[in-house]
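Protein chains in written order, with full-length UniProt numbering: chain A, 1 to 551; chain B, 1 to 551.
Please keep in mind that the hints were generated in silico from the structure rather than gathered at the bench.
When chains are identical, the list treats them as one kind, so a pair holds in a single copy or across two.
Dumping the calculated DMTMM-like pairs for lysine to aspartate or glutamate here, alpha-carbon to alpha-carbon at most 25 Å:
1) K167 to E145
2) K126 to D393
3) K389 to E115
4) K167 to E152
5) K124 to E380
6) K389 to D119
7) K496 to D343
8) K391 to D434
9) K489 to E514
Owing to the predicted nature of the structure, the values given are computational and were not obtained by experimental measurement.
This is what each chain is made of:
There are 2 protein chains.
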Amino acid sequence: MGALRLPSLAHLLTPSAAVRATSSGAHLRPATLSVAASLSGGAGRGISTQSLAKEAPSSPAADRKASASPECAVTPRSVDFNAWYLDVIAKAELADYGPVRGTMVIRPYGYAIWESIQDYLNVKFKETGHSNMYFPQFIPYSFIEKEASHVEGFSPELALVTIGGGKELEEKLVVRPTSETIVNHMFTQWIQSYRDLPLMVNQWANVTRWEMRTKPFIRTLEFLWQEGHTAHATPEEAEKEALQMIDVYKKFAYEQAAIPVIVGRKSRAETFAGASRTYTIEAMMGDRKALQAGTSHNLGQNFSRAFGTQFTDENGQRQHVWQTSWAISTRFVGGIIMTHGDDTGLMLPPMIAPIQVVIVPIWKTEDDKTGVLNATSSVETILKTAGIKVKVDDSEQRTPGWKYNFWEMKGVPLRIEIGPRDVANASVVISRRDVPGKPGKDFGVSMDTSSLVGHVKNRLQEIQTSFLQKATSFRDSNIIDVKSYEELKAVISEGKWARGPWSASDTDELKVKEETGATIRCFPFEQPEGQKKCFMTGNPAQEVAIFAKSY
Amino acid sequence: MGALRLPSLAHLLTPSAAVRATSSGAHLRPATLSVAASLSGGAGRGISTQSLAKEAPSSPAADRKASASPECAVTPRSVDFNAWYLDVIAKAELADYGPVRGTMVIRPYGYAIWESIQDYLNVKFKETGHSNMYFPQFIPYSFIEKEASHVEGFSPELALVTIGGGKELEEKLVVRPTSETIVNHMFTQWIQSYRDLPLMVNQWANVTRWEMRTKPFIRTLEFLWQEGHTAHATPEEAEKEALQMIDVYKKFAYEQAAIPVIVGRKSRAETFAGASRTYTIEAMMGDRKALQAGTSHNLGQNFSRAFGTQFTDENGQRQHVWQTSWAISTRFVGGIIMTHGDDTGLMLPPMIAPIQVVIVPIWKTEDDKTGVLNATSSVETILKTAGIKVKVDDSEQRTPGWKYNFWEMKGVPLRIEIGPRDVANASVVISRRDVPGKPGKDFGVSMDTSSLVGHVKNRLQEIQTSFLQKATSFRDSNIIDVKSYEELKAVISEGKWARGPWSASDTDELKVKEETGATIRCFPFEQPEGQKKCFMTGNPAQEVAIFAKSY
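Generate the whole structure from the sequences, applying the supplied hints.
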């Protein structure tokens with residue numbers, strides 16, 4: 001679970017308090033917040049939206065932005081990363097707090113990012129031979145108890161249904177925190193012989209874990225995810241599957257989300273409750289904390305032995321199946337926000353962005369208006385036809401400057417401006433979100449279909465590449481090789497990641513965590529050549545491990 | 001709720017009993033069931049899968065099929081509709097029973113039908129201006145109590161979480177049965193002025209209703225659905241939206257599912273708990289019972305008044321918003337099964353079918369095998385490239401005859417057979433699932449790309465059209481106009497739908513229900529011309545109503 005420095009909402013939001021807050025009229029929408037209220041932004045306090053509108057201390061940095069367009073102003077990322085994150089989520093309308101402590105409402109703009117993730121992965125899962133299906137979310141309590149380390153890992157986090165249809169239930173029902181138990185219960189009924197294997201399924205679902213310290217997207221009481229579950233005839237096949245799926249996640253992270261994750265194996269202490277081996281992709285956030293962004297577990301025969309999931313092999317022998325499970329959740333949306341972005345707000349990689357291009361038409365006179373709007377509409381059609389996600393902001397209530405700030409804060413990769421002079425020249429101005437000022441602008445781009453489409457597609461590709469490059473060099477400059485525990489402590493205290501040879505005990509690992517707040521994020525697949533000596537014990541070491549503080 | 005003649009699983013499946021059943025080795029997969037067990041099929045008893053493998057009385061009709069291919073044999077639809085339905089669900093691997101009473105596991109083949117539904121509707125929802133998002137599923141109990149008729153309608157069906165993270169909760173949490181309350185709680189925070197309206201969102205989610213009498217897909221304790229929620233500035237806009245969405249559902253039913261639903265308005269007694277008006281699409285199942293297949297509610301200001309969801313109008317006045325909600329669920333999958341299909345199993349309309357064409361290669365000698373499999377692979381590629389959903393069944397463990405039976409039972413619209421002679425002639429044999437024997441076969445269809453693709457596409461279109469025509473004439477021949485209560489009783493007792501002028505009281509409506517088992521399914525939008533007299537009271541009537549027994 002890493003260092004617990006996350007803001008706690010627990011004391012602020014009992015359900016009944018939340019209801020009261022609402023009926024007393026606490027409102028969040030930027031357009032109607034007073035400037036002062038919109039600037040309080042929960043800076044550094046991780047407070048709930050309900051309190052956002054009630055308290056009004058302001059930070060100097062935020063005040064500077066206020067004069068321009070208060071609704072778009074977020075606490076600068078360089079001033080307070082956590083406040084920036086919460087501001088971006090609120091102002092860009094990505095998510096909101098639900099009435100029950102620790103729950104989250106995913107708003108359309110945030111949900112559209114999740115849909116981008118789903119669209120990509122869903123295709124990859126099917127290409128690799130998996131079928132979608134759906135398991136019920138209510139699990140008999142007795143199921144959870146069957147696998148010893150599983151119950152130990154999950155029992156403190158369970159939500160339990162005890163009343164149904166007005167009656168006390170004979171057996172408490174667990175609201176699924178993950179589905180390995182019920183999956184095995186069903187697999188025992190579907191798997192008879194080796195011919196039924198491999199069995200490879202996936203579900204897109206909600207899961208519930210009663211977390212004490214929550215943070216939007218990163219750790220919420222209920223979240224959305226996909227969970228893959230497979231059963232195989234041999235340990236080799238299960239291992240191959242677990243590795244294949246962590247590779248699917250890695251490719252997604254690099255190619256779509258522009259997040260240069262480190263792929264590796266978890267330490268024993270950090271392995272999933274019930275797994276033999278856990279593979280992970282670890283991402284470095286903008287504050288250099290690590291985020292576990294996806295995991296793939298080789299479950300061995302742990303669950304199949306607990307549930308009796310057996311098959312008859314080719315020799316007529318009964319054997320327990322070998323299993324995997326793997327998941328990516330809405331947490332990944334938080335990872336995208338915290339990897340990219342700058343002082344003025346969100347920055348979305350083009351492959352993930354719900355809106356890739358925003359068009360802002362500009363006019364002063366009614367005469368100009370018709371021509372500008374016609375050109376806007378034509379440019380919109382050209383880009384949509386080319387498969388580019390376009391949004392036109394032609395509202396008359398806001399100035400172009402306000403719109404620029406607003407869509408920059410929302411992280412739209414490209415902006416197209418169309419004014420009367422552009423119409424006269426049959427050209428447009430294109431601005432990159434990630435390159436401020438003139439260097440990011442292309443003037444006089446022809447409205448001609450092929451040149452416009454080509455230009456926009458090239459720019460989007462450049463931005464995508466640039467995001468990954470920037471994140472990679474940031475990552476690499478913040479991973480430091482260490483040769484001793486003292487060096488590790490220094491590196492961690494600077495907020496960086498430490499990489500060093502490790503063959504010490506679980507107890508030593510716990511000691512590092514207690515003394516520095518850092519955990520082993522993974523033993524990376526990419527290992528340096530040569531002999532290694534454990535920086536903690538001086539004994540020979542097979543591998544280097546990466547240590548970092550994490551979300 | 002209609003006549004309660006549905007099978008009850010309640011006494012069979014307490015959670016702990018389910019666990020025992022599994023560990024004692026009750027298995028469902030056709031390939032390993034004994035013939036006798038596979039034929040018990042729960043005929044007429046609506047029993048659970050757990051009991052399927054344990055009891056073995058057989059019906060004569062089923063025995064006849066058994067000699068051919070026991071795993072594919074279902075109770076003929078003409079012999080016992082309910083047993084047929086449960087058999088089809090089990091044998092075609094559409095769904096299975098979950099360990100908790102009344103819950104359902106949706107297996108890949110059944111889930112793929114749901115994905116077809118999702119894919120179509122998701123596009124339509126976005127085209128009509130709605131955005132997807134996600135609301136938490138835990139709702140404070142106090143929310144449910146705020147709207148009087150809502151709590152009355154839903155409180156008997158609630159599942160309640162009372163323990164979270166090992167502690168008794170201060171306020172019980174409802175596992176969402178529907179989301180109007182939490183939606184309004186959030187809308188109060190997002191809606192300030194008329195400029196924020198309309199607000200139009202949708203979510204794909206699971207919902208829980210503690211039903212006592214369950215039936216796979218049709219009524220389960222947990223089910224999947226989409227729920228749309230909108231807020232508008234005027235009652236006219238809300239009404240227009242409610243009508244627009246029932247029309248989206250209607251088009252989906254006709255054009256995709258080939259189900260000729262009747263669209264209309266619910267009676268007061270059958271209106272959604274909390275709605276001012278409920279529109280419905282009512283489908284006639286193969287046993288002539290009605291299925292409410294989708295609903296769209298004009299909620300008026302009922303929830304906005306209960307939750308204080310207000311906006312400032314153009315004149316600066318505070319007003320409550322006007323709302324709608326609308327939903328289609330996994331119940332629709334049950335509707336597709338029960339509308340189409342015949343004695344030998346499922347029949348899926350091509351637009352919905354997860355597999356539109358199954359290819360069965362046929363060979364005897366190893367010499368023939370290579371040529372046949374090459375041709376099969378080439379035909380598969382041609383059809384896939386044309387966007388047709390193809391499955392090749394080249395397993396060597398089953399005979400072609402077994403495969404024919406199996407894929408017919410699974411409802412695949414078209415089968416392509418490729419044998420050595422076909423390879424020699426560069427042609428294939430194509431068989432329609434819905435036309436048995438020679439009349440449904442096309443011999444010597446050329447393997448040439450354009451003629452093969454054209455042929456297959458035409459046949460799929462013909463099947464789609466034929467399904468709708470067949471269902472429409474079945475529906476029309478089973479809706480009978482009535483002029484008196486006596487006539488209605490006669491029609492209902494024959495299992496048909498009765499249509500007659502109605503302006504009687506809610507009490508009279510209840511009387512019809514108690515005496516005949518039929519309810520008002522709807523006041524159809526399509527009304528006969530001319531003056532009408534209520535068949536119950538003799539008073540003038542504005543409209544005819546349709547009465548039927550229902551699921």
